[in-house]
Each structure stands twice: as C-alpha cells, then as structure tokens.
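Chemist: Chain by chain, the residues run as shown.
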Amino acid sequence: SQKIEQNSEALNIQEGKTATLTCNYTNYSPAYLQWYRQDPGRGPVFLLLIRENEKEKRKERLKVTFDTTLKQSLFHITASQPADSATYLCAPRSGGSYIPTFGRGTSLIVHP
Amino acid sequence: GAGVSQSPSNKVTEKGKDVELRCDPISGHTALYWYRQRLGQGLEFLIYFQGNSAPDKSGLPSDRFSAERTGESVSTLTIQRTQQEDSAVYLCASSLRTGGATGELFFGEGSRLTVL
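From first to last, the protein sequence lines stand for chains A and B. The opening position of the first sequence corresponds to residue 101 in our numbering, with each subsequent residue numbered one higher. The opening position of the second sequence corresponds to residue 704 in our numbering, with each subsequent residue numbered one higher.
One chain only, chain B, in its complex shape (with noise of 0.2 Å):
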C-alpha cells in the first residue's frame, strides 16, 4: 500500500496477557517510530529503528515492552505481562533517512489496546 500500515486496528487483552503489534512503513522508508499515545495525552516516543542500526530504545518504559525490524520492513512492537496503564494508541510513522525536504514523519493510524 501507499502508507503506513498497523495491525491490529483494535486489541483487547485481559491483564498480564502478551501482545504484539504491527507496524508496515512505505517503502523505501528506512527509518521506523513507535509512539504511545494515551486518551487525551499527547505522543509518547518509544523507539527509533534507522537502517541496520541499533535501534534507540531510550523510550521505551519498562523491559516489558521490546521491538524488532526486520531490515528496513516490518516492524513489531511486543508488550508482554500487560498492565491496565498500557492501554492506549499505538502509533507507527516512517521517515525517509535523512528526512526528505521536510523530515515529516508518516503515520499509520494506530492500534488502539485495551487492557481489561
């Protein structure tokens, strides 16, 4: 497709249970985001994966939550024992390396989780 791509669209989970994410950028794309955002909040970084790069976990909030790409493709976000806090929009942009023109980022339309 021509954008990013996130699934699942919505997830409702029962407390302490696992859950992963998905995240497809545009094509081409080598730079990868996670956001948080909670109800009302405004986005929370999580993680940065550029190319074949370390990845910058620095927003990450607790060992809970991991990801992993895929060279420049797939992403996936995993939150495992999951707390009530955890509930919230997931969000997925792509940038081109050095940002194009603009550096804007393109995002997907998020994952919405529930944790009951």
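Only chain A is shown next, with the shape it has when bound in the complex (with noise of 0.2 Å):
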C-alpha cells in the first residue's frame, strides 16, 4: 500500500540556522508533491509544489528538493525564524490522482 513518512518527532532549531524536513514516500509515482503549512488550531495552508522532473524549487527562504530515484523530498527553509513554527506536512499526488494524501507531518520549533 501507499505509505508517506514523516519524521514524528518535532525538529528543534535555533533561530538563524537552516530547517530541514524530509518527506518519504514508498508505493507511489508522484508526479509531483506539494508541502503544506499547518498551525494549531487551524487548517493547512498550500507552500510549494514541485514536479518530478524538477530536481530543486525556491520561493524566498523555502527551497524544496525531489528526488524520485530515492523517494524522497526535501524541505529546507533558511534563516529560520520563531514564526516558522509550525507543523510541515508533504503530500505526494499521483498525476491522475485527485485526491491528495498526506503524510503526518513533523513539527518545527524555532527557538529564539
């Protein structure tokens, strides 16, 4: 079956110092991956999608990485900063997929 993992345990970092988040995911083709935002309380909110056959995508201190030989996406968000804080979930979809599962997520704690 379909299986995404995400590391459960929550990533401390200090402000300033690059965050890095991964996502595996076995079973699956994506043709391409989305990362999503999510803070308690609330609903998700849409970051970045990359494509498979796009190795590397930027937006501002976000880059994210996709690497279909190991299974495998990257989020790194740089200069870290307290309201980075939050939970970071990947959702690998496949191209004739509409329905976009996603993985547990792990938390992100930037301490000042």
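When the alpha-carbon atoms are kept at most 25 Å apart in a straight line, the in silico SDA-like pairs for lysine to any residue are as follows:
no.: 1; chain 1: A; residue 1: K171; chain 2: B; residue 2: F748
no.: 2; chain 1: B; residue 1: K718; chain 2: B; residue 2: E771
no.: 3; chain 1: A; residue 1: K171; chain 2: A; residue 2: R161
no.: 4; chain 1: B; residue 1: K760; chain 2: A; residue 2: T126
no.: 5; chain 1: B; residue 1: K714; chain 2: A; residue 2: R142
no.: 6; chain 1: B; residue 1: K760; chain 2: A; residue 2: A131
no.: 7; chain 1: B; residue 1: K714; chain 2: A; residue 2: D139
no.: 8; chain 1: A; residue 1: K171; chain 2: A; residue 2: R158
no.: 9; chain 1: A; residue 1: K103; chain 2: B; residue 2: G762
Please keep in mind that the hints were generated in silico from the structure rather than gathered at the bench.
Using the hints, build the complex out of the two chains.
Modeler: Following this line, the structure appears as structure tokens:
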C-alpha cells in the first residue's frame, strides 16, 4: 500500500539556522509533491509544489527538492525564524489522482 | 468570503446523537474535499466532490458518515449516532477543477467535534 513517512519527532533548531524536513514515500510514483504548513488549530496552507521533472524549487526562504530515485523530498527553510514554528505536511500526488494524500507532518520549533 | 468557511467551529455532542457539519467553498471551486484529523494525527481523506460527478466516497469510515453537496456550492457532512472515536477536527478544502497551476487545496479552519 502507499505510504508517506515524515519524522514524527519534533525538529528543534535555533533561530537563523536552516531547518530540513524529510518526506519519504513508498509504492507511489507521484507526478508532483506539495508541501503545506499547519498552525495549531488552523487548516493547512499550501506552500510549494514541485513536479517530478524538477529537482529543486525555491520560494523566498523555502527550498524543496524532489528525488524520484530515492523517493524522497526535502523541505528547507533558511534563516529560520520563530514564526516558522508549525507543522509541515507533505502530499505526494499521482498525476491521475485528484485526491491528495498527506503525511502526518513534522513539527518544527524554532527557538529565539 | 474569500476563503473556505466551515461551521460550527466547535461542536460538543453526546454519544448517539447526529451531527451536521457545513462547508462553504471558495466561489468557482468545483472540487470539494472532506478530511478528518484526529489529535496528533495526519489528515484522513473522507470524501471528494467534483462538480456534478458522482462523489468519491472511498474514505468514509462507516455507513454512519454521509455527505452531500448541492451543485458547486455548500457541502454538509453528517455523522449519525456519533461515537467517541468520531471526536476529531473535520477539515473541508476546495480547489479548482484542474487544481490550477499548483493543484493546491484551500482549507477551512475546521470543525472540532467532541463526542462525550
């Protein structure tokens, strides 16, 4: 069965450092992969999408990579700030599917 | 409004009662999704509506759960004879038919259901 794995343990880092979050998937051949941010008590908010033919995508301080051989996406936040503290969800998606499946998310805590 | 609106934001009910949760999607969004998120867990897909097509109900956990959508507007998720394990946040999301350039989903703030 399809499986999405994200680190269940919270990632604690110091302000100003780069945070790196991992999303691994199995039994998938996603055409693209989305990343969302979820704050406590709120709905997820879309951040970035990367397609299978893209190795890297950037948006301001965010960078996403997509390695279809390793079946892995990495999500980086550079110069992290306490306001970046949230849970980050990945959602690999097959090209023919209209139903995104989400990982459990990784909690990021940025300490001032 | 500009975003996805859900109501009620909080609902406390007694075991065995029926509940209705409402979702008002973004105008023009033909796709509508319901997800369930238990405390500390990920998003669990429940049901998907696309325009006037038959909904994809493959995620509904039991026949106590049902959902309706009128055209491309409001959707209602109904849970009959609620059980304590139904306690969760129910999230609604909408998107454009083809998902636009990014396929992104726009989520509401959720309806938190507590079954006593």
